[in-house]
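Residues per chain, in single letters:
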Amino acid sequence: MIRVRGLHKHYKVHERPPGLAAALRSVFRRRYKTIAAVDGIDFDIADGERVGFLGPNGAGKTTTLKVLAGLLHPTSGEVSVDGHEPRRRQDAFLKRIMLVLGQKQQLLWDLPPSETFELNRAVYDVPRVQYKETLDELTQLLQLGELVGKPTRTLSLGERMKCELAAALIHRPKVLFLDEPTIGLDVSMQATVRDFVARYNERSGATLILTSHNMDDVARLCPRVIVIDRGKLVYDGTLAELVTRIRPDKRVVLRFSRSVDAADLAALGKVVRHDAGESVLQVSKEAVNAVVSRALAHLPVSDLTVENPPLEEVMSELFARSQARRVAEAAS
Amino acid sequence: MRYLNLLGSQLRASLLLAMQYRADFLLDGLVEVLWMATAIVPLFVVFQARPTVAGWRFGEALIVMGWFTFLQGVLEGAINPSLASVVEHIRKGTLDFVLIKPADAQFLVSTARFLPWRAINVGTAMVIFAWGFRLLGRAPARRDVAVAAVTTVVAVVVLYSLWILTVSAAFYVVRIDNLSFFFNAIFDAARWPISVFRGAVRFVFTFVVPLALMTTYPAQALLGTLPATTLLAAIAGAALAFTVARVVWNASIARYTSAGG
Amino acid sequence: MSLRNTARAFPTLLRVGFAEAVAYRAEMLVWVLATTMPLVMLALWSTVARDAPVGRYGQPQFVAYFLSTFIVRQLTGSWAFWEMNQDVKSGALGMRLLRPVHPLLAYAAESLAAMPMRVVVSLPLAAVALGVIGAGGVTHDPVLWVLWAVSLAGAWLLTLFIGLAVGCAAFFFESSLKVMDLWLVFFFVFSGYLLPVEILPGGLRAVVDALPFRFQIGLPVELMTGALGRGEALGMLARQWAWVAVSLGSTALMWRRGLRRFEAYGG
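In the order they appear, the protein sequences are chains A, B and C. For what it's worth, this note's numbering labels the leading residue of the first sequence as 1, then goes sequentially. For what it's worth, this note's numbering labels the leading residue of the second sequence as 1001, then goes sequentially. For what it's worth, this note's numbering labels the leading residue of the third sequence as 2001, then goes sequentially.
Calculated directly from the structure, the hints in this document are not laboratory data. Note that the Cβ used here is the ideal one computed from N, Cα and C, for glycine as well. Careful: at least some of the hints might be erroneous.
[Stated by the list, open to error] Distance windows between CB atoms, simulated:
| id | chain 1 | residue 1 | chain 2 | residue 2 | range |
| --- | --- | --- | --- | --- | --- |
| 1 | C | 2022 | A | 146 | 35 to 43 Å |
| 2 | B | 1172 | C | 2239 | 14 to 22 Å |
| 3 | B | 1097 | A | 12 | 49 to 57 Å |
| 4 | C | 2249 | A | 15 | 33 to 41 Å |
| 5 | C | 2033 | B | 1255 | 21 to 29 Å |
| 6 | B | 1172 | A | 312 | 39 to 47 Å |
| 7 | B | 1004 | C | 2033 | 31 to 39 Å |
| 8 | B | 1172 | A | 276 | 49 to 57 Å |
| 9 | B | 1255 | C | 2242 | 49 to 57 Å |
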């Protein structure tokens, strides 16, 4: 479905030094430097897969996404999406894909969303019967109801996102690119969006590519993740494996029937949290069995669970490592 | 004092921004020269046919044009850029950020952005003044220059107040991004002495949109033909315009609800 | 981007564009107010012509000329450059590029769709204008009225294409609105918007004849007010449409080059 080989994307940027004097100098002489936003990436994505692009800000995720959608031309490399070369943006290609940007909207601001739906029907040349069917389905799944009749500007952010998704799916794209789709939404709306996107993938078999900083999005939607850092692909595989690789340790969550001394806990492993309700220990995978039996034997345990570390932490550790490497390189 | 500091830092930020856009600098200069030239073309055509129009000689009409050029610099360099940013704020609902700052909102939005390149207009205006007085064969009297300085303040205050009123309209209408276009279009009529207009148009340009206060009166002041009573009336008018603008602005802010919220 | 697909989508583009125009009727009114310049010029030139006519233009001729100018400007104006500038700056152009309809055609559709609203808004003024000028102020030749309609279409296309070409400047400059200003400068003087090009001094007349501006406003106005005979009118129309072709070509060129840049840097 998607095939990327040796993708490079370089930008020439104008250096803007701080300060008034420097700014004045830059009026007359400008300095440029080349930045490799994407620096040699290869991957394949099969039909119907759901893949998350992860990486710190400025890592090259969105650039890659835009190259795949045909908005940016690669500096070099080979990209094919659904048998098309995205950069040519042929109708046949455009009718098969859709890009949803959490921070930008395609809905017409001062008109009801129904007008945008109608516009997209015409633009994507969707047959009337199919349009009606799709719209009914979307209306039901997203519970659009009367939202579609109100001017977009009067909708809340969450309502707008639901309509945005509906507008994006009118032509039933086979490849859906989502860039930060849940940004700014409240928790229940995030869940709604995620469930809806997952269901769309299941029902239509569409391929899904997502970038997000929200790890709940990734955990719910993407069995496979591709981690991009400084333009390079640093990991491509299952999310579960990524987690064990970065943080091989487990968390033992304990609840006690009476209060326990912090010192007693520290004897078992690293204490992550210790308060009245519950205590969390961080222990290596190999030591889990021993720690659990010791805790059960020596402490008044009322409840015990073993968990993976939270995804947010895994990611921040991953990015912190790359940040540390960057600083080290800059210093040397 | 705090407001002076604020003004200073806003000016500095605008200056920094202006440096980034060198293409703008060249274009601004070019546009300005061409604007002036085109503004003078109709003047030429008119005075080719007649020695005086509505009691104004060519040299005298040039003085009005000079004031127009000067004020246009003020409008486009110090007033319109901020206007554009307010309209943008209202559209995006980000005016809240301005409103929660511990300083007067009117002051903040009025000083949000400057285009320092427009200072070119001041130079251009001086050239036009010099040309006009050369044609008239004399120099302005020192006293007249002093009076003209007063009328300059009046003119800028009136222009500014009109601008605040225009911006206030943006609170009431769904989307007006061509407000500055509208404002410029009206202002364009100020390049002619008020006496070329008759009847209702003249009334409007004297009392409703007081273009007369902005260019004709300063020109008359510089030429030494402005009656003292007119000067006093103009000062009073400017004070009134400023007060009205302030009241309307406050009322608009009170009514404001942020978009999409 | 196939034409067939665009052609099929065009009616819907127009309909939705019209709905947008209706939503922006307040803006439309501001636009009408912002383009009252001909009325100011009318006041000015009437004063000038009170004692003696300027060239062929006495007071009634000036009145007819500037009221016609006002109407023509209403019917040929376009915001395309504005929209495009916004889209390039905000990156919204990306979304337009991902639709299987050529963005330039979409802009054209939006501009055309605003037309009915413009007619509605300027109709009362046109009626008043006709009342003021009287039937004697406009041409009685039906052939000239047909040519007028053709010239109006040409003027609209020319304005649209130039606007889009200028909008393409947003790809290259931080603020393409400046370029628009530059174009407006020439437009105002040389199009016949501020004064009939006929009364310009000889040297400037030559400049006007070499530029496209007159065909944006002057030509339809001159046809309407009967300033041109049939033969002369046909010649002018031919030149107008030649300029339409030239402007279309340059817009396409600018678009292609700008887009290449957009695709290299992203929005």
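_Numbers of unmet hints, in rising order_ = Numbers 1, 2, 3, in rising order.
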